[in-house]
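Visitor: What follows is each chain in one-letter form.
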Amino acid sequence: MAEGYRGMKKQRFVLLKKDPALFSTLVIIWVLFGIFIFLPVFRLLLAAFVVDGKPSFANLAAVMKTSYNIRALYGSLLLATTVGISGTVLGYIFALAVTRTTLPRWGKNILSAITILPLISPPFTSSISLTLALGPNGMLLQLFGIENFTIYGFWGTWLSETLTYFPIAFMVIEAILNTMSANLDDAALSLGSTKWRLFRTVTVPLSLPGIANSFLLVFGASLADFATPLILGGHSFPVLPTEAYLLITGLFDLKGGASLSFLLLVPALIVFLMQRLVLGRKSFVSVTGKSGARTVFSGLPVSLSVIIGIVCTIVSAFVIYLYAIILWGSFVKVWSVNNTFTWEHYAYVFQHGKKAILDTLAIALVSTVLGSILGIVIGYVTQRKTFPGKRFFEFGSLLNYALPGTVVGIAYIIAFNQRPLLLTGTMTILVAAYVFRYYATGIRAVSASLEQIDPALEEASLSLGAGSVRTFTHVTIPLIMPAVLSGTRYLFIHCMTAISATIFLVSVHWTLLTTRILESMTELQFSQASAFSIVLILIVFAGDAIMRGLIKLSSMKFHQSVREVAHHE
Amino acid sequence: MKKKMFVMVCVLSCLVLASAFSSGAKEPTVAGTVGGTVNVYSIMPEKYATKVFEAFTADTGIKVNFVRLSSGEALARLIAEKGNPQVDCLWGGPSDTYEAGVLEGVFATYVPAEADKVPAKYRSAQGYWTGIGIIPLCFLTNDDFLAKNGLKAPTSWYDLLDPAYRNGLQMADARTSGTATERIYTLVKIMGEDEAFAYQKKLNSNVQLYTKSGAGGAMPIATGQAASGVFYIVDALDIQQQGYPLTVSYPVEGVTYGVEAAGIINGAKNLEAAKTLMDWAASKRLGEVMVADSINYIPTRPDVKVTNPALDMTQVNLIEAEAEWKGEKRAEYVNRWVAEVIQQ
Chain C
6 MAEGYRGMKK
16 QRFVLLKKDP
26 ALFSTLVIIW
36 VLFGIFIFLP
46 VFRLLLAAFV
56 VDGKPSFANL
66 AAVMKTSYNI
76 RALYGSLLLA
86 TTVGISGTVL
96 GYIFALAVTR
106 TTLPRWGKNI
116 LSAITILPLI
126 SPPFTSSISL
136 TLALGPNGML
146 LQLFGIENFT
156 IYGFWGTWLS
166 ETLTYFPIAF
176 MVIEAILNTM
186 SANLDDAALS
196 LGSTKWRLFR
206 TVTVPLSLPG
216 IANSFLLVFG
226 ASLADFATPL
236 ILGGHSFPVL
246 PTEAYLLITG
256 LFDLKGGASL
266 SFLLLVPALI
276 VFLMQRLVLG
286 RKSFVSVTGK
296 SGARTVFSGL
306 PVSLSVIIGI
316 VCTIVSAFVI
326 YLYAIILWGS
336 FVKVWSVNNT
346 FTWEHYAYVF
356 QHGKKAILDT
366 LAIALVSTVL
376 GSILGIVIGY
386 VTQRKTFPGK
396 RFFEFGSLLN
406 YALPGTVVGI
416 AYIIAFNQRP
426 LLLTGTMTIL
436 VAAYVFRYYA
446 TGIRAVSASL
456 EQIDPALEEA
466 SLSLGAGSVR
476 TFTHVTIPLI
486 MPAVLSGTRY
496 LFIHCMTAIS
506 ATIFLVSVHW
516 TLLTTRILES
526 MTELQFSQAS
536 AFSIVLILIV
546 FAGDAIMRGL
556 IKLSSMKFHQ
566 SVREVAHHE
Chain G
16 MKKKMFVMVC
26 VLSCLVLASA
36 FSSGAKEPTV
46 AGTVGGTVNV
56 YSIMPEKYAT
66 KVFEAFTADT
76 GIKVNFVRLS
86 SGEALARLIA
96 EKGNPQVDCL
106 WGGPSDTYEA
116 GVLEGVFATY
126 VPAEADKVPA
136 KYRSAQGYWT
146 GIGIIPLCFL
156 TNDDFLAKNG
166 LKAPTSWYDL
176 LDPAYRNGLQ
186 MADARTSGTA
196 TERIYTLVKI
206 MGEDEAFAYQ
216 KKLNSNVQLY
226 TKSGAGGAMP
236 IATGQAASGV
246 FYIVDALDIQ
256 QQGYPLTVSY
266 PVEGVTYGVE
276 AAGIINGAKN
286 LEAAKTLMDW
296 AASKRLGEVM
306 VADSINYIPT
316 RPDVKVTNPA
326 LDMTQVNLIE
336 AEAEWKGEKR
346 AEYVNRWVAE
356 VIQQ
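Each protein sequence line maps, in turn, to chains C and G.
Counting from 6, one number per residue, gives the positions in the first sequence under the numbering used here.
Counting from 16, one number per residue, gives the positions in the second sequence under the numbering used here.
Do not rely on the hints blindly, as some may be mistaken.
Each pair of labels, with its calculated beta carbon distance range [to be verified]: (1) C:I325 - G:Q330: 28 to 38 Å; (2) G:V321 - C:F346: 33 to 43 Å; (3) C:P210 - G:G258: 56 to 66 Å.
Because the hints were derived from the structure by calculation, they are not lab data.
C-beta atoms are modelled at their ideal positions from N, C-alpha and C, and glycine is treated no differently.
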């Protein structure tokens, strides 16, 4: 024991001496984790698993006694797995369409824009237009003469979550497919490979880090989502986050709800470990210093292009249709009864929603900047550096992402409602909740992108006398910039649109657009909610357009810096 | 140069912590001023609360900061914030939410100046909360559905068992909604416990969806996705007044009603302002404001004249159900509802 401790101490000492920048970075990040991740979770653990001062599983046993909650555990696993698979497949198809087909530029732009529509609207908005289309007496059902289709249950929830979360997979995989070296395509084809064989044995295997990371992200997002099942799950298909939310807000059973949520950590941990096992030993390096002149990617086999074309068209048409309902709803006097055109809902939004709009923007901007920086640093140290406790560090960083948002929200109130950490009612608590939850995408995008990049590039820089910090800022960052920006995009979008944790964190001083939309929904002001949603979507689109411009710029720079490094080598 | 990454992370953490402490420290000074403002969690919908609080500010000069939350979210927050309450009052929401909060020690006692003018059944015996409006249950049915099926609006609980309503009812989920538990209280008062749950089991086959909020089913019924449902009158009238083809009706067997309340939070930082708000809530003024702005609660003060005929309760069979009994039975009924009705 003492031996091991001394050993660890020695290791730390070596780290401090060898790489002081890494050491101090780690210390600071550990402190931040301690405050904003472990403290709230620990306080919640105390609430859930300590009864009368003794550790006990009594709370968990009590909620697991009902077979309904066991069904909920099963439902959560089934839903998250199927959504993880379908979301990743759909994301991959869209990413291929954008990066590997001969689709004209504007077509690709439209596809990219469509993929972010579901992301940039709060989940309940699309759920509600989905019920209008496919619910009882739904417009689409009447159009096709389908009867006896029930949207409430597994299929409706699955459909809605797949449409909501495939853009995450798209973003991660698109970045990977873009940064892959086209020289491999040339090599394979010139060696006589068919396009199918190239696709199967080069493109897909090399994109495995992206596939695995996006599965992890989509699985996690679906596992923690409570809003979609709340609207579409019905009573026949319970899932854990929704049941936990119902326990906390419906039966005022905070302890039961908290212990139920901790059950969700088990599948999250398993997927995390599986991903490590799958990816751990293989090399996915395709960006090295030894590349020649940049060439274009080879196209896809014709049959695959046709399938991609059909899938993208159907999904895009459906997504556009869902959002057309919302757009139309925002301009009519009384939804479906008095369809005269009016601006009054927008007037209301700008008159009564101004504070919410400005608050949301301020919070999202601060969170995006802080979250991106943290995401880069954490993604980099976990991928490139070795240090004691690395696996725990990596999993710890994703803890808030894996827990249902409502539970994180409650944990934050409990942990930050006393001095010296009195944060309730402040902007900081909202920013922290967003940063330590949604920087996950940034971390995953960065580490997936680093998997592709040969460490030899960095080693070359080090051996030429640049320090670890200079190497990081001048070699690594330019190389991973496309991935960083796609993580940043997602972070910004989520900070603008997420609702789960913040439902418990908005205060009389800080309100958010999403809670205003939910409020309009519960007040049955469908048109008002639609107008709020459209305004939100336009703001996010604008912010996103700026970020996409940056990605394009950095993508050009990326290929330039690869060439430069290669040249120097 | 060497320390760039270090400096970056340093700046980052300083930013986070500095903003944490500076904004955290600001709170008490704001809260210290007496009379100027009162902070409120409102369960009453935002559009109503805005009008009510505007009138209150006009009358007293006290500014109201509020966030709208559902009753479950509001209580969960009040319990979690107990050590350091963020608000001074809870406004609106059913009295059983207040009774549950009393058990958690969330509320302080205060008897408003004119509380004796409010009938005793509309306020807490110990002075923890005071009723600001009452809302009976009712049926809300889509006119097009009725015309298509040649039916009249339901006037009995047993009308809802008609096969014409198969897969056509939307009503609230007992785990999240006070409207749903009110429905169970009514049925138990009318039929007795066992018969009430047997009835709901049968009713379940006509139910399309149990919505999470009490008013959640109103829009689907208005747009024809569903046929009918059980609601508090305030939600039913609200959507009907928007112009949808809907009929509001009451069952002959009767309905219980919810008492919407208000109360002061234990440890309120703006106590004097909170007391002023409670005095105002128990006065005739609140009732008059609600009538004038067509906020569809029936005022708890019998001396306020109601003008909307839909709120005229002389033709409705109102059943009494005591708040203490509701509070006592709530968890038991909800669990039984989950076990017997939705899980069958």
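Visitor: Take the hints in turn and mark each one as holding or not.
Guide: Verification of the supplied hints:
1. C:I325 - G:Q330: 28 to 38 Å: At 50 Å between Cβs, range violated.
2. G:V321 - C:F346: 33 to 43 Å: 36 Å, holds
3. C:P210 - G:G258: 56 to 66 Å: Check passed, 60 Å falls within 56 to 66 Å.
In the structure shown, a violation is registered for the earlier hint numbered 1 alone.
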